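Enquirer: Residue numbers (our numbering), protein chains in the order written: chain A, 1 to 107; chain B, 108 to 214; chain C, 215 to 356; chain D, 357 to 498.
Treat the hints as calculated values from the structure; they're not laboratory data. No experiment lies behind these values; they were computed from the predicted model shown. Please note that the accuracy of each hint is not assured.
[Claimed, not checked] Calculated cross-link-like contacts (lysine-lysine; reagent style DSBU-like; alpha-carbon spacing at most 35 Å):
#, chain 1, residue 1, chain 2, residue 2
1, D, LYS373, C, LYS306
2, A, LYS71, C, LYS306
3, C, LYS292, C, LYS306
[To be verified] Have a look at the derived ranges for each label pair, beta carbon to beta carbon:
#, chain 1, residue 1, chain 2, residue 2, range
4, A, LEU39, B, ASN128, 39 to 49 Å
5, C, ILE253, A, LYS11, 12 to 22 Å
6, B, LEU144, C, THR311, 32 to 42 Å
7, D, GLU457, B, LYS182, 35 to 45 Å
8, B, ILE201, A, ASP38, 48 to 58 Å
9, A, GLY96, B, ILE201, 48 to 58 Å
10, C, THR311, D, ASN394, 21 to 31 Å
11, B, ASN160, D, THR453, 23 to 33 Å
12, C, LYS231, B, LYS182, 31 to 41 Å
13, A, LYS6, B, LEU144, 52 to 62 Å
14, C, CYS339, B, ILE201, 31 to 41 Å
Every residue gets a Cβ at the ideal spot worked out from N, C-alpha and C, and that includes glycine.
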Amino acid sequence: MALEIKKTFDKENDRWVIKPNGEIDIYTSPEFKETLLDLIEESETDIVINGENLDYIDSTGLGVLISGLKKLKEKERNIIIINIKKNINKLLDITGLNKVFIVKECK
Amino acid sequence: MALEIKKTFDKENDRWVIKPNGEIDIYTSPEFKETLLDLIEESETDIVINGENLDYIDSTGLGVLISGLKKLKEKERNIIIINIKKNINKLLDITGLNKVFIVKECK
Amino acid sequence: MNDNNNKDHIKLSLPNKPEFVSVARLTASSIASRVGFNIEDIEDIKVAIGEACTNAIQHSSLNENDSYEIEFILDIDKLIINIRDKGNGKCKKDIKTPNVEELKESGLGLFIIKTLMDEVECISCEDKGTEIRMVKRIEVGV
Amino acid sequence: MNDNNNKDHIKLSLPNKPEFVSVARLTASSIASRVGFNIEDIEDIKVAIGEACTNAIQHSSLNENDSYEIEFILDIDKLIINIRDKGNGKCKKDIKTPNVEELKESGLGLFIIKTLMDEVECISCEDKGTEIRMVKRIEVGV
Ligand SMILES: Nc1ncnc2c1ncn2[C@@H]1O[C@H](COP(=O)(O)OP(=O)(O)O)[C@@H](O)[C@H]1O
Ligand SMILES: Nc1ncnc2c1ncn2[C@@H]1O[C@H](COP(=O)(O)OP(=O)(O)O)[C@@H](O)[C@H]1O
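Please put together the full structure from these sequences, using the hints given.
Expert: Right, dumping it as structure tokens:
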């Protein structure tokens, strides 16, 4: 599998954590979109993307994050990105998306 | 670099050890051939191939080992292959070369 | 393009299907590594190729049985990559910096390529398809 | 080959140069992994492709500016790979088990392919070149 997605609820901080494992690209982003948007639909919390095991993301994957954020903003909630790898941080940086999402604890 | 080759003299056992690091294929086997045949030319000992860091070998690489063995046999010496990886052991097995070289300590 | 005659050419043709974009990325990485790029440049090339292939699939014919072609031209001091599709999409001449604050889900691809590569051009030719041409220079001393 | 029309085709064209055989191996690995082969089968396919490319380079025109082509045909239950060169070499019809005790340095390539793949054929066509055609079946339940 090119992408596996884990969802867990972080009770301590009262928020959902999504941990994608592998690559988010044109092939796998529909699956990522479904998981993210379903979760946003159901929940009222901030959503954390734990990028620890995310090796690659392309513009379609970034587009999914953006559409998720748009929905979350309506609820005055946010997407918090943690533990991302250097190559992905570079992408957030050059697109300016690091100012749109909350990006923390870069590796 | 696709291939790096280390040569060391094993005093304890009085023999040369060659440790190829990377891949031996049609591109890198000329270099491997030069190293092996030069060493055989100069020395009178058995030669050990330590396959610990050898990821891949193709028929041109096996051909180099065979030509080395041919030269060593004239001196009544041998090629001893140690620590090879499973995929390379499979090749020695299917070609029958595991009966021609001395293959030891497979991983 | 007469001066490309003596350069090494590698061509890869892939079906218009999302599942094979990863093959393009891996092939590009292995070519870039063979040519002598450093790890960061290899990653840049991989990302740029991924975006260009994604565009070829998304903005071209949408016919899954069609294919698109990637050509790698290996020059002494640079790698030239052309991605050609058979669609009838129209590429814009200038690549704008996206305003991500607007939270638009699309429009990042060409900009990402532009940032990571030394040159990009997107040329659409009516009826014949679109070609994205990009260049990455090999740093001296690598 | 009309029945190949609906199958996914991937083509890779490489210069007749030893340094690019590793690109063929990596591309083949990534296709095989995308198609769903297990790790051992992927390794077998990689080795077989490597041998076929080596033959295309060694036994064909020897003109470094020429190229050879690898075609991957993705069928439901198998991967078909054709490696075509433009040389004037002659392939033997039958692939013999090498007698390695004789310490001959060559003659292992086709035998290795035969052992690792489910089918191999080497067809030389005078003036047109040689085609090595090999098939690896996907195990049920993988
Ligand atoms: N291969 C292509 N064929 C046709 N049009 C293209 C192609 N690539 C890009 N374009 C055009 O350029 C625009 C910008 O592309 P891009 O920056 O990748 O963003 P996106 O693909 O998300 O729209 C596309 O919306 C499309 O109109
Ligand atoms: N692509 C090819 N073009 C022409 N002849 C070939 C080709 N591949 C194989 N052959 C012929 O088949 C023989 C056996 O090939 P192989 O088993 O790979 O051993 P080797 O290449 O070491 O001779 C070669 O010596 C050559 O005569």
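Enquirer: Does each hint fit the structure? Answer for all of them.
Expert: Results for each hint:
1. D:LYS373 with C:LYS306: Distance ~38 Å between D:LYS373 and C:LYS306 Cα, so the pair is violated.
2. A:LYS71 with C:LYS306: Given pair A:LYS71, C:LYS306 holds - Cα atoms ~29 Å apart, limit 35 Å.
3. C:LYS292 with C:LYS306: Since the Cα atoms of C:LYS292 and C:LYS306 sit roughly 25 Å apart, the hinted pair holds (cutoff 35 Å).
4. A:LEU39 with B:ASN128: 39 to 49 Å: Because 46 Å falls inside the window, the suggested range holds.
5. C:ILE253 with A:LYS11: 12 to 22 Å: 39 Å, violated
6. B:LEU144 with C:THR311: 32 to 42 Å: Between B:LEU144 and C:THR311, where Cβ atoms are some 59 Å apart, the hint is violated.
7. D:GLU457 with B:LYS182: 35 to 45 Å: 19 Å, violated
8. B:ILE201 with A:ASP38: 48 to 58 Å: 50 Å, holds
9. A:GLY96 with B:ILE201: 48 to 58 Å: 55 Å, holds
10. C:THR311 with D:ASN394: 21 to 31 Å: Violated: the Cβ-Cβ distance is about 45 Å, outside 21 to 31 Å.
11. B:ASN160 with D:THR453: 23 to 33 Å: 31 Å, holds
12. C:LYS231 with B:LYS182: 31 to 41 Å: 58 Å, violated
13. A:LYS6 with B:LEU144: 52 to 62 Å: Cβ of A:LYS6 to Cβ of B:LEU144: about 54 Å, so the range 52 to 62 Å holds.
14. C:CYS339 with B:ILE201: 31 to 41 Å: 51 Å, violated
Hint compliance for this structure: hints 1, 5, 6, 7, 10, 12, 14 are not met, and every other hint is.
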